[in-house]
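Peer 1: Each chain, written out:
There are 2 protein chains.
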Amino acid sequence: MILINGQAGHSIPISDRGFQYGDGLFETMAVKQGMPLCLPGHLERLTHGCQRLNIPKPEWSTLQKEIKTVAGDLQRGVLKIIVTRGASGRGYAPVTNVSANRVITSFDWPDYPSRFREEGIDACLCETRLARNSKLAGLKHLNRLEQVLGRGECDANKVPEGIMLDTDGNLIEGTMSNLFLIHKDRLITPILTHSGIQGVIRARILELSHEIKGLEVRVEKLPPSILAQVDGAFFCNSVMGIWPIKRIAKYHYSIPYIIRQLQRELVDLRIISES
Amino acid sequence: MILINGQAGHSIPISDRGFQYGDGLFETMAVKQGMPLCLPGHLERLTHGCQRLNIPKPEWSTLQKEIKTVAGDLQRGVLKIIVTRGASGRGYAPVTNVSANRVITSFDWPDYPSRFREEGIDACLCETRLARNSKLAGLKHLNRLEQVLGRGECDANKVPEGIMLDTDGNLIEGTMSNLFLIHKDRLITPILTHSGIQGVIRARILELSHEIKGLEVRVEKLPPSILAQVDGAFFCNSVMGIWPIKRIAKYHYSIPYIIRQLQRELVDLRIISES
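Protein chains in written order, with this note's numbering: chain A, -3 to 271; chain B, -3 to 271.
Don't read these hints as lab results, they were simulated from the structure. A couple of the hints might just be wrong.
No copy is singled out in the list; a pair is fine if it fits within one copy or between any two copies.
Said to hold, decoys possible - Computed list of lysine-lysine pairs in DSSO-like fashion (alpha-carbon distance at most 30 Å, straight line):
1. Lys136 - Lys28
2. Lys131 - Lys154
3. Lys64 - Lys28
4. Lys154 - Lys53
5. Lys76 - Lys131
6. Lys131 - Lys246
7. Lys242 - Lys131
8. Lys76 - Lys180
9. Lys154 - Lys217
10. Lys136 - Lys76
11. Lys64 - Lys76
12. Lys136 - Lys53
13. Lys209 - Lys180
14. Lys53 - Lys131
15. Lys28 - Lys53
16. Lys217 - Lys242
17. Lys217 - Lys131
18. Lys242 - Lys136
19. Lys180 - Lys246
My request is simple: use the sequences and hints to build the entire structure.
Peer 2: Take a look at the structure:
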């Protein structure tokens, strides 16, 4: 099902700035029994993105009604929201007198093998780097060529996910997920002030982890050399949940207890879906 | 007029990867008496972009026939070609079994005042920076949020164009054009190995300039401090032609003879349109 500004449809005008310039934002969430998981977190990030890009925020109650319509259709699936700056003539100038376009699409639940979350995955280190720009960092905007190229490397390497570094050589995230590392009693995730997407699940994991006794949580700049030191690592996003990393480059990891604990808690709290 | 894969139309499927991820390329050219100017240069850049992004190259004879159809309609105007990686399901992975989508659109000739090219313009220095990524640098791809934000600054500053720096603080280009500086008998333009778009007119100006006796041509890394030293500067693209810069920040420039000579030669050689 696709709703475009509230109407069923399958296409968007060529003049839409999302198509012309990637001038927009998106959100992807899991849906279970007609309910999008972590909806407030996704809407909060979308609001923040609209503010930072100066895109007119869509009418909230309308958007929520449309989300409910599309999600209501889904026993189990994925819902994607795209908000663009709307249509305009030729030229980059961000027109001010138009309203945002909203596209809400439902997808089947992806058939990720359950062993990815149970046994973990092999990952690659992508050669494609993420550019650094604090003006765009953190946002889930529609300029995603770097992720497309990184994802192509994962496919070529026959692994389900890969780690991307920024152009300064810092660890940043997966091609479609955020990255966490575990070192003894410490949970560490890259700081995303210059590159990367501030994931909704990443934020919930950070919140939860602060409450786990004896666990030290750090958000910091991380060189790839840290991969030689850590005990474990995982990727996370709204649809995959948590995938432990078994192997990356020459490093092999176990699955520390904290990963199992987080997987359980995220499911219990309906932050992710159990499979 | 809009041709979408050869058919008249106004919209593109939501599943198009141009809309989903900015996963594509574009070209914009001037049309005069039904003929696109510098068409070989634009097609060459498009080919190069397809190769670098591993986007299937559209069937060339078909694309050229479509360009001819859309341009033939225009006494005077602008033609824009968008090529995307085609449609796919959800997910960044660059699918390999689909063919590129082609969108060719005609636009009215923009009503830039003739004084822009005759008397020159005031320009701003944009605060929005261009991220550095050699993997994407030079390409006219569809990830153009930085240009959208930069262009918004030009509008806010009420100037027709602005200079953008990269995140390392080097001069790179205009928000919709390339940048040249003139210092005595030297023509200088920023090197675009890490940011910026390799403009078709920029390439022709470099070719022409190498033939001008006594003119030294340099392509190099340029700090903003050079703006205090140069005698003149200009922006160029396929539609504006050459706009001399009269003033930027606290610097005022004359219009050196070489700018007038290049303006004349580009028109004589039908590289740009005279107004």
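Peer 1: Next step is simple, just say for each hint if it's right about the structure.
Peer 2: Here is what the structure says about each hint:
no.	hint	in the structure
1	Lys136 - Lys28	within (23 Å within a copy, 40 Å between copies)
2	Lys131 - Lys154	between (33 Å within a copy, 22 Å between copies)
3	Lys64 - Lys28	within (12 Å within a copy, 51 Å between copies)
4	Lys154 - Lys53	between (40 Å within a copy, 25 Å between copies)
5	Lys76 - Lys131	both (24 Å within a copy, 28 Å between copies)
6	Lys131 - Lys246	between (35 Å within a copy, 25 Å between copies)
7	Lys242 - Lys131	between (34 Å within a copy, 29 Å between copies)
8	Lys76 - Lys180	neither (37 Å within a copy, 56 Å between copies)
9	Lys154 - Lys217	within (28 Å within a copy, 39 Å between copies)
10	Lys136 - Lys76	both (12 Å within a copy, 27 Å between copies)
11	Lys64 - Lys76	within (12 Å within a copy, 38 Å between copies)
12	Lys136 - Lys53	both (15 Å within a copy, 29 Å between copies)
13	Lys209 - Lys180	within (14 Å within a copy, 68 Å between copies)
14	Lys53 - Lys131	within (18 Å within a copy, 33 Å between copies)
15	Lys28 - Lys53	within (26 Å within a copy, 40 Å between copies)
16	Lys217 - Lys242	within (23 Å within a copy, 43 Å between copies)
17	Lys217 - Lys131	both (18 Å within a copy, 23 Å between copies)
18	Lys242 - Lys136	within (27 Å within a copy, 39 Å between copies)
19	Lys180 - Lys246	within (20 Å within a copy, 56 Å between copies)
In this structure, the one hint that does not hold is number 8.
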